[in-house]
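These protein sequence lines map, in sequence, to chains E and R. Residue numbers for the first sequence follow this note's numbering, beginning at 1 and rising by one. Residue numbers for the second sequence follow this note's numbering, beginning at 114 and rising by one.
Hints were generated in silico from the structure; no laboratory data involved. Beta carbons: idealized from backbone N, C-alpha and C, even for Gly. It cannot be assumed that every hint is accurate.
Capping the alpha-carbon separation at 20 Å, the derived lysine to any residue pairs in SDA-like fashion look like this [as the list claims (entries may be wrong)]:
no.: 1; chain 1: R; residue 1: Lys155; chain 2: E; residue 2: Gly53
no.: 2; chain 1: R; residue 1: Lys155; chain 2: E; residue 2: Thr56
no.: 3; chain 1: R; residue 1: Lys170; chain 2: R; residue 2: Gln127
no.: 4; chain 1: R; residue 1: Lys155; chain 2: E; residue 2: Gln9
To be clear about the criterion: a stretch of chain R counts as covered by chain E if any three or more of its residues have a C-beta under 8 Å from a C-beta of chain E, and this derived list gives those stretches [what the hints assert, rightly or not]:
no.: 5; region: 143-155
no.: 6; region: 159-172
Examples of chain R residues toward chain E, derived with CB under 8 Å [to be verified]:
no.: 7; residue: Phe178
no.: 8; residue: Pro183
no.: 9; residue: Tyr218
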Amino acid sequence: GQQLNQSPQSMFIQEGEDVSMNCTSSSIFNTWLWYKQDPGEGPVLLIALYKAGELTSNGRLTAQFGITRKDSFLNISASIPSDVGIYFCAGQGSGGGADGLTFGKGTHLIIQP
Amino acid sequence: EPEVTQTPSHQVTQMGQEVILRCVPISNHLYFYWYRQILGQKVEFLVSFYNNEISEKSEIFDDQFSVERPDGSNFTLKIRSTKLEDSAMYFCASSGMDRSYYEQYFGPGTRLTVT
Chain E
1 GQQLNQSPQS
11 MFIQEGEDVS
21 MNCTSSSIFN
31 TWLWYKQDPG
41 EGPVLLIALY
51 KAGELTSNGR
61 LTAQFGITRK
71 DSFLNISASI
81 PSDVGIYFCA
91 GQGSGGGADG
101 LTFGKGTHLI
111 IQP
Chain R
114 EPEVTQTPSH
124 QVTQMGQEVI
134 LRCVPISNHL
144 YFYWYRQILG
154 QKVEFLVSFY
164 NNEISEKSEI
174 FDDQFSVERP
184 DGSNFTLKIR
194 STKLEDSAMY
204 FCASSGMDRS
214 YYEQYFGPGT
224 RLTVT
């Protein structure tokens, strides 16, 4: 099946630093989504990307859908303590709403005081 | 802000027993999904449901699993005879129409523990 490679696996940063993480795939996806998951909770949708090359922001978060449709990155600017959590990329194929999402393994963000 | 709700939050069951996990999707959404997440691992797709039938299912979703929309608000996942390896968090998700068709919103999950 389709696989997403997400990196880095974990990040240890200082509060106020910028963060960058990315996902790559051997397959094309029509939609890329980025989620954040806190311990014991469900994934929360952060950003959805629909077109190759699209750059979308949500507050301090910026994400881009790669031109090849096989990759995406997420940037977080000026990190704050509540940014701690696991960030997942997810891709969806050509079936649209009926398609299940393929998730990456996550990037665990840890902020050191 | 509308949200997906799930019950129970934690279910403990013995191996071989049947369990039913319940979800109430966001009210105007039309697509419904179940996912699972084994502790420490990534989220895995199980099944999608639209117009009262399964749209897509993964290899994980074998004959032990079934889904149902018994009324206008609930969406359930049944595991007929649980196995130890079914222990995981189970997430329900839903998505709507137009552009939000692609945006899947997740519930808080049900932690299933099979002993």
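Structure-based check of all given hints:
1. Our distance criterion of 20 Å between C-alpha atoms is broken by Lys155/R and Gly53/E, whose separation comes to about 26 Å.
2. For the suggested pair Lys155/R and Thr56/E, the alpha carbons sit about 24 Å apart, so the restraint of at most 20 Å is broken.
3. Distance hint between Lys170/R and Gln127/R is unfulfilled; the C-alpha atoms sit about 26 Å from each other, more than 20 Å.
4. For the suggested pair Lys155/R and Gln9/E, the alpha carbons sit about 12 Å apart, so the restraint of at most 20 Å is met.
5. Coverage of a stretch by a chain is defined here by at least three residues with a beta carbon nearer than 8 Å to that chain's beta carbons; for the region 143-155 of chain R and chain E the count is 6, and the condition holds.
6. Residues of the region 159-172 of chain R lying with their CB closer than 8 Å to a CB of chain E number 8, which satisfies the three-residue condition for coverage.
7. Taken as an interface hint, Phe178/R does not check out: its beta carbon lies about 14 Å from the nearest beta carbon of chain E, beyond 8 Å.
8. For Pro183/R, the shortest C-beta to C-beta distance to chain E is roughly 21 Å, which exceeds 8 Å, and the interface hint is violated.
9. Given hint, Tyr218/R at the interface with chain E, holds; its Cβ is 6 Å from that chain's nearest Cβ, closer than 8 Å.
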